[in-house]
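These are the residues of each chain, in order.
There are 2 protein chains.
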Amino acid sequence: MSKLKDISWIAADWGTSNLRVWALDQNGNIVKTINQGKGMSALLPNEFEPYFMGLIEKWLPEKTEMECPVVICGMAGAKTGWKEASYMEAPCSPINPDKTTLVQTMDQRISVRILPGIMQASPSDVMRGEETQIAGYLSKKPNFDGVICLPGTHTKWVHISAGEIISFRTFMTGEIFQLLSEYSILKNSVKSDKIDTDSFLQAFEDTYSNPALLSSKLFGIRATDLLENIPTKLLKAKLSGYLIGSELAGSKSYWLGRDIVMIGNDNLCDLYEKALKKLGLNISLENTQDITLNGLKQAYFNR
Amino acid sequence: MSKLKDISWIAADWGTSNLRVWALDQNGNIVKTINQGKGMSALLPNEFEPYFMGLIEKWLPEKTEMECPVVICGMAGAKTGWKEASYMEAPCSPINPDKTTLVQTMDQRISVRILPGIMQASPSDVMRGEETQIAGYLSKKPNFDGVICLPGTHTKWVHISAGEIISFRTFMTGEIFQLLSEYSILKNSVKSDKIDTDSFLQAFEDTYSNPALLSSKLFGIRATDLLENIPTKLLKAKLSGYLIGSELAGSKSYWLGRDIVMIGNDNLCDLYEKALKKLGLNISLENTQDITLNGLKQAYFNR
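Protein chains in written order, with numbering that gives the first Met the number 0: chain A, 0 to 302; chain B, 0 to 302.
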């Protein structure tokens with residue numbers, strides 16, 4: 000059904016700032032991959048189809064013979080995305096292939112479905128994309144009972160039991176880190192490619208034990224820079240440590256006494272792991288891309 | 000000595016984002032006022048004199064007869080300001096007229112002095128401008144023993160005793176509020192000119208009692224906006240309440256059981272006052288401009 004005869008369906012992880020696409024054969028083996036594309040925030044709703052077709056058209060036959068199924072997770076399903084995909088409410092299974100949203104496309108060679116996000120009524124919370132990673136992990140470990148932490152712009156802590164997302168909590172840690180690094184009075188103090196581990200752990204302990212001092216400790220980075228001659232890699236480590244320390248104090252009810260699986264960017268997971276190890280916890284790390292594709296396969300093969 | 004014969008000196012409060020100038024007679028009575036000028040962050044060091052002269056030249060004689068003294072407080076004395084004015088170290092008196100920094104000017108009709116900021120070694124902290132407001136308050140109440148709170152971009156809590164600044168602590172609350180309002184995922188959820196008092200107080204209590212949840216509560220504003228149909232004035236109130244709640248938890252060692260004087264912008268002081276009243280505290284409010292000018296007079300008349 001496609002130009003490249005092995006391709007029988009397409010999977011996509013379409014987040015706020017990045018797009019990753021896989022062309023797969025009928026057994027779920029990867030035939031082609033696109034690792035970097037425009038994220039949801041860079042596109043208007045009517046731009047999604049032409050942009051996506053520009054990337055994948057080479058994989059499709061010239062004439063409509065049979066639709067190529069496309070399964071998408073993530074922010075492409077947000078209100079300002081390609082088409083809004085409704086939420087499922089926790090507690091629930093992370094993926095339900097019956098609840099996908101069909102996108103009407105101009106081009107008849109593709110049949111696009113977007114997976115639902117998950118909402119929680121109280122406390123109010125939402126996720127889009129992480130549920131697919133969780134489904135991917137559960138496809139390997141169906142009996143997992145514990146907590147999955149997904150560090151990122153909006154870090155999620157998710158309590159899993161009996162194959163369901165029981166509850167979750169999002170922290171804006173990553174976004175606040177970015178805002179402070181790029182726009183705040185701290186921006187010149189934290190310009191560094193490196194993060195000093197000792198300074199990170201010390202700062203982490205400061206706000207972990209006293210999270211109310213977060214915004215004061217943050218100003219202290221600027222004051223320290225003005226008054227002392229300290230390398231920026233130490234100050235950047237403090238910024239990261241203060242923010243993660245406060246988050247780990249706030250997420251204690253999630254991680255205390257539990258098995259923790261972490262899914263996310265390597266460098267960021269490394270920092271979380273260092274901090275959690277200080278608290279006596281053991282973490283197992285999962286590769287984000289593998290896990291996400293596993294989740295998309297769950298949605299496709301169980302449809 | 001000046002064109003306007005009553006003007007015998009000039010006072011200026013030159014902050015990061017605004018400049019206020021007063022022309023005064025020999026008794027400190029106001030002859031002329033400029034309420035809005037470019038702040039420090041809008042000028043390069045060599046632009047300060049021409050910019051300032053452009054504003055005040057009309058007050059000076061055409062030829063040099065006698066220098067007109069100019070006394071400046073605030074961020075004009077920062078490293079990236081007109082000329083760096085060194086810090087005094089707390090504990091210390093808020094103003095010491097012997098420690099001012101003389102600025103070499105091209106124009107000989109003015110003699111410019113910048114007041115020193117105040118630093119604290121541990122925990123690292125700095126202020127520039129607030130010390131002059133404190134001096135202004137102490138000129139009216141020389142025996143004040145208590146805490147002065149100066150809400151703003153970088154809110155200061157200052158412990159005063161025996162006419163000295165004993166210790167102080169800065170919280171980045173105002174700047175984080177601005178960053179989240181303008182650049183974050185919350186920006187569309189908090190676009191409102193109004194702040195709902197009940198929502199503010201409820202949010203304040205949430206993070207006051209559990210400051211570790213700050214960055215999670217902040218994401219909750221976005222989730223609430225997505226899931227419920229709530230007016231933005233309630234969501235903006237939550238943003239403000241969560242940030243101030245966390246700060247008041249962190250500044251408790253300052254305000255607990257003390258008399259509190261508040262100096263700052265009316266709307267912002269009103270929010271702090273509402274929150275502190277909930278905690279059973281009484282606040283007295285001072286007018287920022289009067290207090291600042293009082294402080295600059297202290298520096299001028301005691302030189």
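Hints are computed from structural coordinates only; laboratory data are not their basis. Some hints here could point you the wrong way.
Same chains, same names: a pair is fine if it fits in one copy or spans any two.
Said to hold, decoys possible - In silico DSSO-like pairs for lysine-lysine, Cα to Cα no more than 27 Å straight-line:
#1 K31 / K193
#2 K57 / K82
#3 K37 / K139
#4 K186 / K62
#5 K277 / K82
#6 K82 / K190
These are the hints, each one checked on the structure:
1. K31 / K193: Intra 34 Å, inter 52 Å, cutoff 27 Å: neither.
2. K57 / K82: within (24 Å within a copy, 62 Å between copies)
3. K37 / K139: Neither: 30 Å inside a chain and 61 Å across chains, both beyond 27 Å.
4. K186 / K62: Neither: 53 Å inside a chain and 45 Å across chains, both beyond 27 Å.
5. K277 / K82: neither (43 Å within a copy, 45 Å between copies)
6. K82 / K190: For K82 and K190, only the inter-copy Cα distance (25 Å) is at most 27 Å; the intra-copy one is 38 Å.
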